[in-house]
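> Quick mapping for you: the protein sequence lines, in order, are chains G and H. Read in order, the letters of the first sequence are residues 108 to 480 in the numbering used here. Read in order, the letters of the second sequence are residues 3 to 313 in the numbering used here.
What the hints contain is simulated information worked out from the structure, not anything from laboratory work. Predicted, not measured: the structure shown is a model, and the values here were computed from it. Do not take every clue at face value.
Stated by the list, open to error - Below, in silico cross-link-like pairs of lysine-lysine (DSS-like), each with a Cα-Cα straight-line distance of 25 Å or less: (1) Lys351/G x Lys250/G; (2) Lys351/G x Lys116/G; (3) Lys351/G x Lys304/H; (4) Lys304/H x Lys250/G; (5) Lys250/G x Lys291/H; (6) Lys277/G x Lys304/H; (7) Lys116/G x Lys215/H; (8) Lys116/G x Lys304/H.
If you want the building blocks of each chain, they are given just below.
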Amino acid sequence: MRFIVLRRKTIPRYHTWISTAISLILGILVYLFITILVGRSPLEVLVNIARSFISPSIVKDFFVLIAMGCALLISFKAALWNIGGEGQFYIATIPGILLTLFIFNPRHNPAPAPLVILLVALTGTIMGAFWAFIAALFRAYLKIDEVPVTLILNYVAYYILNYLIFGPFKGRYVYGYLRTDEIPEIYRLNVRVHLPMRGDPLQVALQNLTVQLAYYIALLVLAVLIYVFTWWFFKHCRIGLYTKIHGSNPSYLQAVGVSVNHIILLTMTISGALIGLTGSIYLLSELGRIPYEIERQTAGYGYLAILVSWLSLLDLKMIPFSAYIVSALRNAGIALQVAGLGGVEQSLLLIGAILLTYSITRFLVEYEVRFEW
Amino acid sequence: MVIETTIILRLTAAFTTMYLVALGHSIFEKSGILNLAIDGVFFLSTGVTTAVVVPLTWLLTARGLSLVLSTTLAALTAGLATAIIGIFMAWTLTKLPISHGAVGLSLMFLGYGLGIIAGYEVRLRVGSIRPYTYPDSLGIYLAILAITVLIGLIAYFFIFKTALGTAIRACGENPHVALALGASVLKTRLIAGLLGFFIMGVGASFFVLLWQKYWDIKTYLLGYGWLAFTIALAAGRHPIVLIPLAFMFGGLVEFSITLQARLGLQADLAKMLPFIAALILMIIYGSTKLRRVFEPPGSLGKVFYKEERTI
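Generate the whole structure from the sequences, applying the supplied hints.
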């Protein structure tokens, strides 16, 4: 028997969805195989994974990953592999800390909260954009691959943040912990809703979901805004069109007189800016303060968003779906840890297994495999 | 005198680790496959080393055999374990029209996860891994250094002076042409994957056995695999040019704490130094004629697809 790989003339309808579903199922099977090998109960593991798909606690990750998935989609569409989401995300929190805890600390120098929040978002966006711009410069003018540069910049961002937290940003009201002070309540973007949490399990789950949605309302608005922006960018913006062309045929851009270097710079900068914006809103919505050695405590959104973007097959419509899957899987990893079924390796294995099967099976969208006896 | 010896030992260990990882990575990438799995493979090797060296040492020392034997066997086992990943990458990325970057990054995550699974239990049981590593003997370190440099010279000869090495380079430059000239792209890349990842795995095992003499699950956050990636990139994947660069980076990583004390730098700034140096090196490399000299293989990371192909 032999297999022949052939390019499809037309891509069947719903093929993208089917391919994604197959890769997910295969990924989970690979993961289960590994867990069985190390002596864990596959049923317990599966139950925890299944539960995480209907858990209201995934809303925060879901919103963040939609925003960052869209941001990465912009660069990925241009075949610019921005692996530096982590660095752009965390470097963007620096002006937020500076503004809320030092320049406009309500104890010494109160300022209107909306103004400060706006400034935090704006400066965070600029910082994220700047961080991605560095990698874009390397790519555009030195012809150095953006993958190692963005990756290295992740570590540089971690260490800069650590340096600041150890030094000038070190908190005074931290009970001996090495971290920044808590961002004042007036600058926080959470809405607290108190519900009785009574009734049947479905009612409790809905109440819980409402509480979560209200608490992370800023992240919800952010996700919607970035999603709409990305749609507009690709649908109605000329740079969006150039970005897509750069991903498939950069020589064509040159032929029509568009500077490829400028497109690289713009695309990466926009991608970094959106990630920076997400980082600054995340600071005000969730983090509240930054602990020392952030690399050991990061949620890893920069890397998870790569998975979101790839899992969507670079299709904007699929981003919410893949963000949902990845948030559920991330929470499954945490749930497995809480249930005593492993540690951080569970999340890494789950993500690795799904990303691997997806990467391998993805070619089936554009190609078919025929068997000949 | 003692301080000088310690410096030699530490520098040798840092060099050996970084050099072998960068060398293995270079051999593999010479065949045209982009290796973004490097950091995960680095960590996986350290985890496997930890898992293997402890029981092996118990087993062999009980039979009166030396610690050097068990550590060396553990390093070779780690090399074999990572070679499996190399073969898998070479086969998948040559046979199927799929993204090198995506497969590499997913294997990176898997490498982290599998590395933790491999090493965690053993590390928990023994506490410190130090008693199971190479003894702090100048003779042993210098012997390993000599073997490492010899491997580098052999790799140079292999890549640039043998038919198989030429085939590896041809597959990296243009696999279609290599195929037309009679080279088997799959076989060539499989050999490059086997050799490259084996050397990488052995090199990464020295992180535990020779250099840090320590292993923890958080090791996966250090990013040393990416540093080796940068060293290989800046040296144009050339086995001889890699030698001074691996010395420089190894030294920079190893002595960042000394630099921190001497220059009064904060620890995190000192940790950042190798990464900044990597970026500076990239600027020098990218903005001078070195770029042309050390250009990456022409088909690096490109999907190899013939219009109709049989698996």
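> Run every hint past the structure and note whether it holds.
Each hint, compared with the structure:
1. Using a Cα cut-off of 25 Å, the hinted pair Lys351/G and Lys250/G holds, with the two alpha carbons roughly 20 Å apart.
2. For the suggested pair Lys351/G and Lys116/G, the alpha carbons sit about 21 Å apart, so the restraint of at most 25 Å is met.
3. For the proposed pair Lys351/G and Lys304/H, the alpha carbon gap of about 19 Å is at most 25 Å, so the pair holds.
4. Annotation: proposed proximity of Lys304/H to Lys250/G holds, straight-line Cα distance about 16 Å (limit 25 Å).
5. Pair hint Lys250/G plus Lys291/H holds up; C-alpha atoms about 13 Å apart against a cutoff of 25 Å.
6. A threshold of 25 Å between alpha carbons decides the hint, and for Lys277/G with Lys304/H the separation of about 47 Å lies outside it, so the pair is violated.
7. In summary, the hint linking Lys116/G to Lys215/H is not supported, as the alpha carbons are separated by about 56 Å, beyond the 25 Å threshold.
8. Only pairs whose Cα atoms come within 25 Å are accepted, and Lys116/G paired with Lys304/H is accepted, the gap being roughly 22 Å.
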